[in-house]
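Visitor: Now for the letters of each chain:
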Amino acid sequence: MSPNQPLLDVRDLVVRYGRVTAVDHVSFTLDAGETLALNGPSGCGKSSTVTAVLQLRRPDAGEVRFEGRELTRLTERELRPVRPRMQPVFQDPYGSLSPRLRIRDAVAEPLRVQGRWNAAGPARVAELLDRVGLDPAYGDRFPYELSGGQCQRAGIARALASEPRLLVLDEPVSALDPSVRAGVLNLLADLQDEMALAYLFICHDRAVVRHFADRSIELRDGRATEVTPAGRPRSPGAAPR
Amino acid sequence: MKATVRRWAGPAGLTRLVCLAAVVTAVGLLPRLSGRDPALTVLRGRSAEQEATPEALAAVRAELGLDAGPLSLLGNWALGLLRGDLGTSWVSGTDVLPSVISGLQVSLGLMAAAFGVAVLLAGALVAPVLVRGRGSAGAFAAMLAAVPEFLLATVALLVCGVWLGLLPTSGWQGPQYMVLPAVALGVPAGGLLGRLVADALPAVLNERWVELWRGAGVSGARVSAAALRRVLPPLLPQFGMAAVGLTGGAVAVETVFAVPGIGRTALGAAKSQDLPLLQGSVLALLALGLVTGVLAALVRRRLLGPALRDAALTLPPARPVRPHPAVPVALAAVLLTAVGWGLLRDPYAVDTTARLRTPSWAYPLGTDGLGRDVLARLGHGAASTIGTAAAVCVAGLVLALALGFLPSVASGASDIANALPPVIAGILVAAVVGPGTGGAALAVALLSWPALAAHAAALVQEVRASTFLIAARAVGASPWWILTRHVLPSVAGPVTRHAILRLPGIALALASLGFLGLGAQPPTPEWGLLLDESRAYVERAPWAALAPAVALALLAGLAVSTAAYAEGRAGRRAAGARAVKKEASVGV
Chain L
1 MSPNQPLLDV
11 RDLVVRYGRV
21 TAVDHVSFTL
31 DAGETLALNG
41 PSGCGKSSTV
51 TAVLQLRRPD
61 AGEVRFEGRE
71 LTRLTERELR
81 PVRPRMQPVF
91 QDPYGSLSPR
101 LRIRDAVAEP
111 LRVQGRWNAA
121 GPARVAELLD
131 RVGLDPAYGD
141 RFPYELSGGQ
151 CQRAGIARAL
161 ASEPRLLVLD
171 EPVSALDPSV
181 RAGVLNLLAD
191 LQDEMALAYL
201 FICHDRAVVR
211 HFADRSIELR
221 DGRATEVTPA
231 GRPRSPGAAP
241 R
Chain D
1001 MKATVRRWAG
1011 PAGLTRLVCL
1021 AAVVTAVGLL
1031 PRLSGRDPAL
1041 TVLRGRSAEQ
1051 EATPEALAAV
1061 RAELGLDAGP
1071 LSLLGNWALG
1081 LLRGDLGTSW
1091 VSGTDVLPSV
1101 ISGLQVSLGL
1111 MAAAFGVAVL
1121 LAGALVAPVL
1131 VRGRGSAGAF
1141 AAMLAAVPEF
1151 LLATVALLVC
1161 GVWLGLLPTS
1171 GWQGPQYMVL
1181 PAVALGVPAG
1191 GLLGRLVADA
1201 LPAVLNERWV
1211 ELWRGAGVSG
1221 ARVSAAALRR
1231 VLPPLLPQFG
1241 MAAVGLTGGA
1251 VAVETVFAVP
1261 GIGRTALGAA
1271 KSQDLPLLQG
1281 SVLALLALGL
1291 VTGVLAALVR
1301 RRLLGPALRD
1311 AALTLPPARP
1321 VRPHPAVPVA
1331 LAAVLLTAVG
1341 WGLLRDPYAV
1351 DTTARLRTPS
1361 WAYPLGTDGL
1371 GRDVLARLGH
1381 GAASTIGTAA
1391 AVCVAGLVLA
1401 LALGFLPSVA
1411 SGASDIANAL
1421 PPVIAGILVA
1431 AVVGPGTGGA
1441 ALAVALLSWP
1451 ALAAHAAALV
1461 QEVRASTFLI
1471 AARAVGASPW
1481 WILTRHVLPS
1491 VAGPVTRHAI
1501 LRLPGIALAL
1511 ASLGFLGLGA
1521 QPPTPEWGLL
1531 LDESRAYVER
1541 APWAALAPAV
1551 ALALLAGLAV
1561 STAAYAEGRA
1571 GRRAAGARAV
1581 KKEASVGV
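In order, the protein sequence lines correspond to chains L and D. Position 79 (the first sequence) corresponds to 79 in the working numbering; numbering is contiguous. Position 572 (the second sequence) corresponds to 1572 in the working numbering; numbering is contiguous.
Treat the hints as calculated values from the structure; they're not laboratory data. Among the clues, some could well be false.
[As the list claims (entries may be wrong)] Restraint-style ranges between C-beta atoms, simulated for each label pair: (1) L:P41 to D:W1213: 39 to 47 Å; (2) L:P99 to D:S1170: 54 to 62 Å; (3) L:E63 to D:L1406: 33 to 41 Å; (4) D:V1299 to L:R77: 54 to 62 Å; (5) D:S1478 to L:F142: 21 to 29 Å; (6) D:A1022 to L:G18: 55 to 63 Å; (7) D:V1394 to L:P99: 51 to 59 Å; (8) D:W1209 to L:E163: 27 to 35 Å.
[As the list claims (entries may be wrong)] Some but not every residue of chain D turned toward chain L, in silico, with C-beta under 8 Å: (9) A1225; (10) S1466; (11) A1471; (12) V1475; (13) G1476; (14) A1477; (15) W1481.
These figures come from a predicted structure and were not determined experimentally. Cβ atoms here follow ideal geometry from the backbone N, Cα and C, with glycine treated the same way.
So here's chain D without its partners, still in its complex pose (with noise of 0.2 Å):
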C-alpha cells in the first residue's frame, strides 16, 4: 500500500503527469505545432473555386483563432473542452462533438464485439493447459498476439469476404457487419490473453494448494476456477495495456473495413488536417485507453481483496518454454533470401504493359497495378522499413542508456508509452510534422525507448547496489573507472539485446503507420504502405497483396520466436545461477 503511493506521489508519479499533461497540451497546440498553414486547408475544403490570395487565407486565419499566441489558443482550447465545447470542424463546419460522440458509440460496439471474441479465444487457447494440468499454448498464442491487426483485417477481408462471399465487408448496417471487423480486432488481443494466462497457468498449478485440494476431492473444475482466479489478478495490469492497444488497432481495422468509428475518424481527420477534429478524437481515444487502464486496476483491487495491503500475491516464475532455435533460423532464413533476391531487381520500373501478372519466372511473385515488380518492391521495402526500424532502436538504445541513471524519468515515461499506441502517436506526429518516414519514425521512437530506459534503470540500479561496486570503491577506483569499467559494461549488453529484440515489433509499429499512409509515402516500396497499395486490386490480383501479408507475418513469428529463444536462454542461465548460489553454502 505504502509503495503504492510513494508510486503515485513520488517522482515517477510526478513525471507520469507531466507526460500526461505534455500529451494533452500538444493535442491542444496541434493548430500551432503543424508547420504547414492550415489557413489553405480550410479554404480548399470548403470552397475549390475561391481565389486562394493573401486577404481570403488572413481572414480564414482570424476566424479560426491562429493568429493568437500559443497560449490563448491553449487556454480556449481548454476552456472550451470544460464546456463540452470541442470547436467545429474546419473542413465541413459542424460541430465537433456530435461527430466524436457517434463515431465513439460504433468505436466502444466493435471494441465489445472484440473483447468477446478474444475472450472466446483466450479460453480456447487456456483450456488445453487446464485440462492437462501442463504444458502451455506458448508458441501458437504468442503467434497470433504478434499479428498486427491491420494485417489481420486484410486477410480476413481478403477471405472471407472477397473469395467466400460470405459476410459484407465494408459499412455499418447490422450485426452482419461488425463479425470481421471484431474478429481482426479481437483475435491479436485474445491471443495476449490466452498467452499470458497459458503461461501462468502450469507454474500456478504446481504450487502446493493444488495437491492438497485434488487430496482432499476437490472438483477438477473448482480447482481450475480457483487458479484462474489466482493467475488474473497479477495479469491484469497487461490486460489493460491489450485493451489500450485496442484503440490503437481500432484505427486500422476501422479505416480497412469502412467502419465509421473514432479511430478512421481520427485517422482522416489527420489526413484532411481537419485539427479540430482530430483534437477531439484523439482526445475521446485517450480517454477510452485510460478507463480501461483504471477499470483493470478495479477489477484488480476487487479481486485482490485485502492481499493488496501485502502485495505479495505474485506469480510463480513460469518454466521457461524454449523453441527450437531451427524456427526463427528457419524464418531469418526465407525472409532474408526473398529481401536479397528482390534487392537485386528494380522496384520502380514500372511497365504497364505487364500489370497484374500472376506470378511466372519473370516475376516471381507477380506485378501490381502499375506492373511494378512484387518481389522487388517487397525486397526494398523490407531495406527501408527494417533500416529505419533499426535507426529507430539505436536512437532508443542510446536514449535509453544516457537516461537510465534516471530511474524516475524511465518508469513514468514508460507507464504513458505504453498507454498510447504508435498509431495515435503516429496520427498526431503526422498531424505536426505531415505524413512521411521521418515523422513515423519519430512516433514509433517516442514509444519505444521508455521499455528500454526502464529496463536499463532497473540493471543501473541492481549494479550500484551491488557488492563489487563497493569493492571497487575500497580499492580506491575513482567514479569515472566505476562507470566506465562496471556500471556501462553490465548494462549496455543486456540492454542491446533487448533493443535488437524490440525490432521486429518495431518495424510492424512502422509498417502499421505506412497501412494507414501515415508512413513512408508513395512510390516508396514500405511493407505497410505495398499492402495498403494492393488493396484495391485485391480481388484481381490477391498475390499482390499476399505477398506483403506474408512476409510480415514472418516477420511476427521472427519477432515472437526470437524473443521465446531468447527468454528460454537467459531462465535456463538464471536457474543456473541459482543452483550454483545454492550450491555456495555447500562446500569448495
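The shape of chain L in the complex, shown without the other chains (with noise of 0.2 Å):
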C-alpha cells in the first residue's frame, strides 16, 4: 500500500434486495486515523453500506478497496485472512457475544479462529480487557451478567483482538444509557489516537457526529446527498450532549 492510498476505498457501492435498491452507487473513501460518520433517516441504507463494505453480504456492484486490495472479487476462503483487519462493532451489546461463552472466550476467539493462540493468549486477553476498562476479574462472566456497558467495552475487546486497521461502529452507544455513552465514546477516541484506527461510524445522533467525526456522510434513499468535510476539531475526554 503506498503512503497516499486510502485505507479504505468505495466506489458506486451498490446492494439490492429483490427490486428494492438500498445502496444507490455510494463512493467515500477513509485514510487510517480518520473517523467518518454515515447518518440518515432509518431505512436510507446505513447498515446496508456497512455490511457491503465488510463482505458480510456480498455488494451486488462497485469496488471496495481494502489496504490496496479489492475485496469484491475475492471469495470467500481468499477473504478470511483480510477479515480480522476489518473488525465490527455492533449496536446491541447483548446480541454480538455470544450467551454459552465466557466473556474471556469470546474474546479469546479470534486468537483461536486465527491460529494465534498460545501461552501468551490468557494474558493477551486480560491486557485486552485492561485496555477496554473492564477488570480482567470479568473475564469469568457470562454475558447476561454484565451491563450494557460493560458488555460493548466487552465487543470492542474482542473486536481489537483480531488487531483491526478499521472498525466499523454500527451505533455502537445508540443502545446504551446517556450516562455511559460518554465512556464508552471516550475510549473509542482513545483507542484511535493509540491505534491509529480508522472509524467507519454510523450514527443517529448528530451531536456525537460533529463532536466525533472527521467528515460525515448523509444517506437518502441509499444515495450519498452530502459530504461535509471536516468538522470540529476533537476535544477528547468532552462529553457529548
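Combine the two chains into a complex, taking the hints into account.
Guide: Below you can see the structure in the form of C-alpha cells.
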C-alpha cells in the first residue's frame, strides 16, 4: 500500500434486495486514523452499506478497496485472512456476544480462529480487557451477568483482539444509557489516537457526529447526498450532550 | 393472510402434501409392503381343511391380484377408491365398505359422547379459574390429559363394571353401553382442553380490557364469556390435535369395551392380516382426523373474523406455575424402587402351584395367571419399555439435529405426525412388518422425531440470525468452526432436554401399542402387555392389573411434572433475561 493511498476506498457501491435498491452508487474513502460518520434516517441504507463494505453481504456492484486490495472479487476463503483487519462493533451489546461463552472465551475466539492462540493467550486477553476498561476478573462472567456498557466494552475488546486497522461501528452507543455513552465514546477516541484506527461510524445523533467525526456522509434513499469535510476539531474528554 | 398462503404454498406445504401422499400410498401398497405372504392367511381364513399346496396359494394370489406389480396394484386400488369400492375382505369375503360405514357410525356416536364428556370436564376444570380470576387447575388437568385412554378404560372397566357392577362393560346395545367408553375416551381429551384454557385464562384476565369492563360495571358472567372467546381461537389448532388423538384413543377404548367401532375393526383387520379391510378402516380414521382438523380451522376463522387478516390475536404469555421439585423426584423414586426390586427377581419363572396369589412377602405384588411374579415382570418390563423408549428418543434426536438445518422439511413432517395418532401408525407398521417391539418402536419413532426436528429448526434459524454469528464470521471463522462451535452447541442442549422430556410420553405410546398386541409379544414383560394379559382374570386377581396400571399412571405423572418443572425453569430464565435486557439501556 502506497502511503498516499486511502485505507478504504469504496466506489459506486450498489446493494439491492430484490427490486429495492438499498445502496445506490455510494462512494467514499477513509484514511488510517480518520473517522467517517454515516448518518441519515432509518432505512436509508447505512447498515446495508457497512455490511457490504465488510463483505458480510456481497455488494451487487461497485468496488471495495481495503489496504489496496479489491475485496469484492475475492472468494470467501481468500477473504478469511483479510477479515480480521476490519472488525465490526454492533449496536446490541448482548446480541453480539454468544450467550454460551464466558467473556474471556469470547475475547479469545478471534485468537483461536486466526491460529494465534498460544501460552501468552490468557495474558493477551487480560490485557485487552484491561485496555477497554474492564477488570480482567469479568472474564469469568457470562454476557448476561454484565451491564450493557460493560458488554459493549467486551465487544470492543473482542474486535481489538483481531488487531484491526478499521473498526466499523454500527450505532455502538445508541443502545446505551446516556451516562454510559460518554465513557464508551471516550474509550473509542483514546483507542483511535493510540492505534491509528480508522472508524466507519454509523450514528443517528448529530451531536455525537459533530463531536466525533472528521467527515460525515448523509445518506438518503440509498444515495450519498452530502459529504461534509472536516467537522469541528475534536476535544477528547469532553462528553457529548 | 400472506403468511398463511406462504405456509401452504411454500416448501412446508409441499412437504405436507408429500407426507400425506406418502401415507396414502403406503396404505394403498400395504398388500405389497407386507413382508409375509398373505395368501396363506387368506387360505386359512376361508377354510381350515384345505391343504396349503403351492397351486392353491398361487390361485389365491392370482385371485387377489397380488401377482401384479406395485404400480398396477396401487392404480387399481386408487381407481376402486374413486368409485367408492374398497375391495372385498380377504377373511370374510364380504364388501369392505359396509363394514367400514357401520364401524364409522358406531365410532362417531362414541366420539360425540366422548366430546360431550370432554367439554363437561373442561368446563369443570375451567370454572374455578373464571370464578376466582386467578390460579390454574394446571397440575390436575395435566395429569388427566397424560393418562392414556387404554389405562383409563381398563381402570373404568375394573371399578365400575366389575367391582361395582353398575354398567355394562362389553358390547354396544344401548345408551348405557356408551357411558364407560365415552368416559374413558373423553377424560384425557377433557383434561387437555381444560388445561389449555385454564393455563391461558389467568394472563387474559389480567389484560387491561378486563379491568376496564369491570370498572364500567359489566357483569362477571359477560366478562367471563368474553375472556373465553378471547382465549379460544389461538387454542383451536391444539383442540383439533386433541380431536385427532381421539381417533387413536378410540382404537384402545373400543377394544377394551368390545365396541364394534372403526378402531376395533382396524385393529382386528391388522391382526388377521385382512388388508383390504385394514386399508378401508385406516383411511376412514385418517379422514376422520383430517375432517376434525379442518373443522377446527373453520371454527377458528369464524371466531376470529377479520382479525385473522392481521394474525395478531396471540395469547399473552402464561405465567409458568412451577411445581415443587419434590413431586417428580418422589414419583421417580417410587418407580425406580419398584423397578430395581423387580429387576432382581425372575420374570419368566412359571409356578403353576402359585397362580393368582394375593400379594404376600414372597410375592410382593402377587402372581399372574401362570404363577409368575408380578413385581419381577413389572421391573423387567420397565427395562424393556423404557429402554426401547430411550432408543427411540436417541434416534429421534440424531435425526432432528441432522434435519434441523432443513426447517421446511421439519415443519411439514411435524404437521403430518401431529395428524397421525401413534396407534394408527402402529397398526400400519404392524401390518407391514408384523407385530413386535421393533415395529412398535419404528411407529413411535416415525411420529416422535418431527417435533424435535421442528424445535431444532427453530433454534437453528434463531442462531443463524444472531449477531454473534456475524461477529464470528467477521473474525474469519470458517463455516465448520461456526457450525461446531456455535450452531450445534446452541441447538443440541435444548433439543436434548426436549427429547428427554418426551421419554415418558414415548414409553406410554409404546405401552399402548403393547396393550393392543401390536408391540412386544408374550412372554416379554412389557407394561402395556402386562395390563392386557391381566384383563383376562381381572375379577379374580385385580392386583395383577393394578400393578402395571399404577406404574403407568406414575409414569404419566412423571411426564407431566417433569415437563411443568422444566417449563417453569425455562420461563423463569427467560423472564430473567428479559429483565436484564431492560436494564441494559439503563446503566453500567
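Visitor: Indicate, hint by hint, whether the structure satisfies it.
Guide: Against the structure, the hints:
A C-beta distance of roughly 41 Å is found between P41 of chain L and W1213 of chain D, which places it inside the suggested range of 39 to 47 Å. Look at P99 of chain L against S1170 of chain D: about 58 Å separates their beta carbons, and that is inside 54 to 62 Å. A C-beta distance of roughly 36 Å is found between E63 of chain L and L1406 of chain D, which places it inside the suggested range of 33 to 41 Å. Roughly 55 Å separates the CB atoms of V1299 of chain D and R77 of chain L, a value that falls within the hinted 54 to 62 Å.
Here the CB-CB span from S1478 of chain D to F142 of chain L is close to 25 Å, well matched to the stated 21 to 29 Å. At roughly 34 Å, the beta carbons of A1022 of chain D and G18 of chain L sit outside the given window of 55 to 63 Å. Restraint check, V1394 of chain D to P99 of chain L: a C-beta distance of roughly 27 Å breaks the suggested window 51 to 59 Å. Look at W1209 of chain D against E163 of chain L: about 57 Å separates their beta carbons, and that is not inside 27 to 35 Å.
Interface restraint check for A1225 of chain D: the shortest CB-CB distance to chain L comes to about 42 Å, outside 8 Å, so the restraint is violated. This hint holds: S1466 of chain D has a C-beta 6 Å from the nearest C-beta of chain L, less than the 8 Å allowed. Hint on A1471 of chain D holds. Least Cβ distance to chain L is approximately 5 Å, under the 8 Å limit. The beta carbon of V1475 of chain D comes within 4 Å of a beta carbon in chain L, closer than 8 Å, and the hint placing it at the interface holds.
Annotation: interface hint on G1476 of chain D holds; nearest CB of chain L at approximately 4 Å, less than 8 Å. Hint on A1477 of chain D holds. Least Cβ distance to chain L is approximately 5 Å, under the 8 Å limit. Satisfaction of the interface hint for W1481 of chain D is found here, the shortest Cβ-Cβ separation to chain L being roughly 6 Å, below the 8 Å cut-off.
Checked against the numbered hints above, the structure breaks hints 6, 7, 8 and 9 and satisfies the rest.
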